[in-house]
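Visitor: As a plain string of letters, each chain reads:
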Amino acid sequence: MPGLVGVSRASLLGAFLKMGLLGFGGVMPWARRVMVDERRWLTDREFAEMIGMCQVLPGPNVVNMAVVIGSRAAGPAGSLVALTGILFVPVIIVLVLAMFYASVAQLPMAHNAIAAASAAGAGLILGTATRLLISTRPPLRGLAMGIAAFVSIGLLHWPLLWVLPTLVALAIAIEWRVR
Amino acid sequence: MTIDFAVLGELAWRCAALSLVAIGGINAILPEVHRAVVELEHWMTSAQFAELFALAQLAPGPNAMVVALIGWQVAGVPGAFVATLAICGPSSLLCYAALHWWERLRHWPRRAIVQRALAPVAIGLILASGYTLARGADRTLVAAAITIGAGLALAFTRINPVWVLGLAALLGAAGWT
Chain E
1 MPGLVGVSRA SLLGAFLKMG LLGFGGVMPW ARRVMVDERR WLTDREFAEM IGMCQVLPGP
61 NVVNMAVVIG SRAAGPAGSL VALTGILFVP VIIVLVLAMF YASVAQLPMA HNAIAAASAA
121 GAGLILGTAT RLLISTRPPL RGLAMGIAAF VSIGLLHWPL LWVLPTLVAL AIAIEWRVR
Chain U
1001 MTIDFAVLGE LAWRCAALSL VAIGGINAIL PEVHRAVVEL EHWMTSAQFA ELFALAQLAP
1061 GPNAMVVALI GWQVAGVPGA FVATLAICGP SSLLCYAALH WWERLRHWPR RAIVQRALAP
1121 VAIGLILASG YTLARGADRT LVAAAITIGA GLALAFTRIN PVWVLGLAAL LGAAGWT
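Chains E and U supply the protein sequences, listed in that same order.
Just so we're aligned, residue 1 is where the first sequence starts under our numbering, counting upward by one.
Just so we're aligned, residue 1001 is where the second sequence starts under our numbering, counting upward by one.
Keep in mind the hints are simulated off the structure, nothing from the lab.
A couple of the hints might just be wrong.
[Said to hold, decoys possible] Which stretches of chain E does chain U cover? Using the computed rule of at least three CB atoms under 8 Å from a CB of chain U, they are: (1) 11 to 23; (2) 45 to 58; (3) 81 to 90; (4) 136 to 146.
[To be verified] Far from chain E, some chain U residues (derived; all Cβ distances over 10 Å): (5) T1002; (6) I1003; (7) D1004; (8) F1005; (9) A1006; (10) V1007; (11) G1009; (12) E1010; (13) A1012; (14) E1041; (15) W1043; (16) M1044.
Glycine is no exception: its CB is placed at the ideal position from the N, C-alpha and C atoms.
If we strip away everything but chain E, and leave its shape as in the complex, we get (with noise of 0.2 Å):
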């Protein structure tokens, strides 16, 4: 990432405080566009492989990317600035409208608002999972997998801890003997 090289703490605050501020419904979109597009810091290949990567990994997606091109830019100074950056504002604004809404919830109106907000944000999710399988399109073992996974975790409540090295190591081992 050769587009990275030199960049200032200041610009890598400025970013990332940017693409958490503006990220409603979703922060990989702005990443996209702050980095690839404004600041030219990335190739459109080189993000997409980053992602890709940080979706590898544990953890918040959008979250690793802060790790990964702060430490590029400036070292573990770098991935505490770009954190932070996405990170702080954000939690401030989120406890601001939770309190707001904690103050107004005995009010019908708004608690009847926030019941239909949270149907739709089940919606949403279901709708992200079917957009991806979709896309994804896995073969029959892998469909056997993801059946697996919604079962154990969202039928039977099984714990996570157990259940998910289980069925990663299971996964990897099957489609490491049909490659």
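On the provided structure of chain E, position chain U as indicated by the hints.
Guide: Same frame as chain E, but now just chain U:
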């Protein structure tokens, strides 16, 4: 307000453990967060959990903000910061360590196999998250219809999710419940 360090500690270790299994991001671990804070610790109801998720989605910022709100609900403002740091800290350290192997990982011929194996598992987990949230949020037929409508809108159009949430909130405020 007094700070309950026992609760903060409990919150910190639960979030820190989840940080390292969040393959597919925050949306993949919501059922486990729900299991911990609703079923095991009884810190909130299932409907409150779904409300916090909606509030976090209405604000800008990373998906991890829902964890900040859960921390806030459990232990006030200190809880919000502890939960955010704990959900982001361990995975960020791991990511930083992985940078060292970045180039080798980038050219690793088997990377595609691992990605192909992980994707369906992550999708199954995200589906489980949506189902968990829907069970908390959908107390009425209208709510279930809103869930289905929002799901279809996101799956088959390019609409920004914030508009979907905003429209649903307006419908709710207008008395469609």
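Visitor: May I ask which of the numbered hints given earlier this structure violates, with the numbers listed in increasing order?
Guide: none
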